[in-house]
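Let the sequences and hints guide you as you build the complete structure.
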Amino acid sequence: MSSNPLAISPPSVSPISSPSHPSSLYGLRFYACPPFLSATPLRRPLHFGSPCNRSLNIPSISSSRLELLSSPPPSASSSSSTFSCRCVFGRGDVVGGTEDEDEDEDEDVNSTLIPERWDVVGLGQAMVDFSGTVDDEFLEKLGLDKGTRKVVNHEERGNVLRAMDGCSYKAAAGGSLSNSLVALARLGSQPIGGPALSIAMAGSVGSDPLGGFYRAKLRRANVSFLSAPINDGTTGTVIVLTTPDAQRTMLAYQGTSSTVSYDVALAGIVSKTNVLVVEGYLFELPDTIKTIKKACEEAHKNGALVAITASDVSCIEKHYDDFWEVIGEYADIILGNSDEARALCDFSPKESPVAATRYLSHFVPLISVTDGPRGSYFGVKGEAIYIPPSPCIPVDTCGAGDAYASGVLYGVIRGISELKGIGSLAARVASTVVGQQGTRLRVQDAIDLAESFAYLPKNCPAIGTDQLSGL
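Numbering that gives the first Met the number 0 applies: residue 0 is where the sequence shown begins, and numbers increase by one.
The hints are simulated quantities; they were obtained by calculation from the structure and are not laboratory data. Honestly, I wouldn't trust all of these hints.
Pairs of lysine-lysine, DSBU-like flavour, derived with a Cα cap of 35 Å [said to hold, decoys possible]:
no.	residue 1	residue 2
1	Lys145	Lys380
2	Lys380	Lys300
3	Lys317	Lys419
4	Lys293	Lys380
5	Lys317	Lys349
6	Lys317	Lys140
7	Lys419	Lys380
8	Lys149	Lys349
9	Lys380	Lys349
10	Lys317	Lys292
11	Lys317	Lys289
12	Lys300	Lys419
13	Lys317	Lys380
14	Lys300	Lys349
15	Lys300	Lys317
16	Lys317	Lys145
17	Lys289	Lys300
Between beta-carbon pairs, the in silico distance windows are [to be verified]:
no.	residue 1	residue 2	range
18	Asn230	Glu316	32 to 38 Å
19	Lys149	Lys419	38 to 44 Å
20	Ala453	Asn158	47 to 53 Å
21	Gly142	Glu382	44 to 50 Å
22	Glu382	Ala453	26 to 32 Å
23	Gly142	Thr258	24 to 30 Å
24	Gly267	Arg148	32 to 38 Å
25	Glu324	Thr147	25 to 31 Å
26	Asn152	Lys419	44 to 50 Å
27	Gln436	Ser351	50 to 56 Å
By construction, the Cβ of each residue, glycine as well, lies at the ideal position given by its N, Cα and C atoms.
Rendered as structure tokens:
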């Protein structure tokens with residue numbers, strides 16, 4: 000690992016010019032600006048977009064279908080639109096006929112409602128999750144270390160799927176970033192505290208059935224997937240094997256379509272968003288660092304804030320210099336847990352999350368660090384603000400951090416005027432997910448949470464041309 004960048008003085012922030020067009024040309028209202036972000040005028044004005052609402056519903060499938068679903072398409076002329084989710088799973092073996100606990104039905108709307116400017120666009124890995132329950136003996140036979148995350152190739156993935164033949168899986172358009180985006184879309188699905196939010200994701204999927212499955216399921220969850228499928232590409236998957244002691248062993252197959260390339264289409268996407276969220280797992284993909292930097296630069300140039308998710312300790316340790324190259328130059332917000340924050344600081348595991356939060360806040364205007372059942376912290380200008388946890392009876396902690404991140408983004412977008420208010424909302428969102436089975440915030444819970452925080456004080460003035468980076 001390289002020397003700690005935090006040992007030097009915090010880098011100065013070079014001003015970036017505002018978009019050449021006046022904001023009034025959009026015909027859209029500005030966001031209200033929380034005072035902790037508005038010590039100086041914003042260099043990147045934010046605008047409300049039009050609503051873009053969808054829904055999500057995912058069945059269980061048997062493991063005997065997984066290899067067929069994730070195999071390459073039969074010819075280069077095939078596209079994922081050929082394999083609608085109804086057709087794919089209609090030909091498969093549906094186990095139990097039940098929905099994934101993570102999902103419930105939203106009101107479906109006209110998919111042609113594309114906003115002039117997105118409220119949030121996430122740039123990340125598009126992975127289909129297959130989750131199943133196994134025993135310790137199963138892991139031992141395959142030589143898998145329990146509780147770890149491992150990147151596997153196509154052959155290794157096939158071996159695991161064959162070993163699971165006869166067992167049932169649940170499939171989901173998964174991933175940390177997609178969990179956060181779906182929760183954010185559901186929190187903002189109604190005009191509560193402001194217009195309904197428009198949420199989208201860009202990434203890389205193949206033209207195989209799983210690519211069509213991923214895009215369709217996000218679309219039905221109010222999250223538009225904007226990237227076109229790659230011809231002859233295979234979509235990445237994550238097999239999540241849970242043992243009776245609730246430990247999860249994850250096997251990630253990145254697929255042949257794993258590289259996210261920066262092209263005219265992606266440039267157009269990131270130039271029309273108010274907030275760009277970059278998933279930390281992208282740093283694992285080959286040559287993607289160039290894409291991340293170009294996307295962040297384009298987003299800043301066109302008035303967006305950039306949020307980086309820390310994602311995973313091992314990912315940070317392997318790509319430490321790349322993380323800091325992006326964070327030091329572009330990040331306005333960092334979202335992560337205490338272990339990830341310590342890894343970014345090159346701190347030992349014994350260091351407190353408070354120290355890591357304070358340290359990181361010298362480099363990035365807003366830091367959000369979760370610390371499990373102990374609560375969470377916000378970091379601003381070298382200070383850490385403690386947010387107590389929201390009480391709940393824990394059922395499943397998977398997805399808690401993703402839910403918390405959605406609450407932070409929602410609070411910033413809605414202009415909640417105090418960090419304590421945003422933290423309270425984020426903690427409530429996380430505890431709601433922890434208190435249920437599954438990683439996704441349910442529709443009615445999201446609406447109830449948004450309504451309960453609609454009364455929080457907000458700033459009325461429109462934001463100008465520089466905000467977070469001026470702190």
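Structure-based check of all given hints:
no.	hint	result
1	Lys145 x Lys380	violated (40 Å)
2	Lys380 x Lys300	holds (24 Å)
3	Lys317 x Lys419	holds (34 Å)
4	Lys293 x Lys380	holds (27 Å)
5	Lys317 x Lys349	holds (20 Å)
6	Lys317 x Lys140	holds (28 Å)
7	Lys419 x Lys380	holds (16 Å)
8	Lys149 x Lys349	holds (25 Å)
9	Lys380 x Lys349	holds (23 Å)
10	Lys317 x Lys292	holds (18 Å)
11	Lys317 x Lys289	holds (17 Å)
12	Lys300 x Lys419	holds (30 Å)
13	Lys317 x Lys380	holds (28 Å)
14	Lys300 x Lys349	violated (39 Å)
15	Lys300 x Lys317	holds (29 Å)
16	Lys317 x Lys145	holds (21 Å)
17	Lys289 x Lys300	holds (17 Å)
18	Asn230 x Glu316: 32 to 38 Å	holds (35 Å)
19	Lys149 x Lys419: 38 to 44 Å	holds (40 Å)
20	Ala453 x Asn158: 47 to 53 Å	holds (51 Å)
21	Gly142 x Glu382: 44 to 50 Å	holds (47 Å)
22	Glu382 x Ala453: 26 to 32 Å	holds (28 Å)
23	Gly142 x Thr258: 24 to 30 Å	holds (28 Å)
24	Gly267 x Arg148: 32 to 38 Å	holds (33 Å)
25	Glu324 x Thr147: 25 to 31 Å	holds (27 Å)
26	Asn152 x Lys419: 44 to 50 Å	holds (47 Å)
27	Gln436 x Ser351: 50 to 56 Å	violated (32 Å)
When each numbered hint is compared with the structure, violations occur for hints 1, 14, 27.
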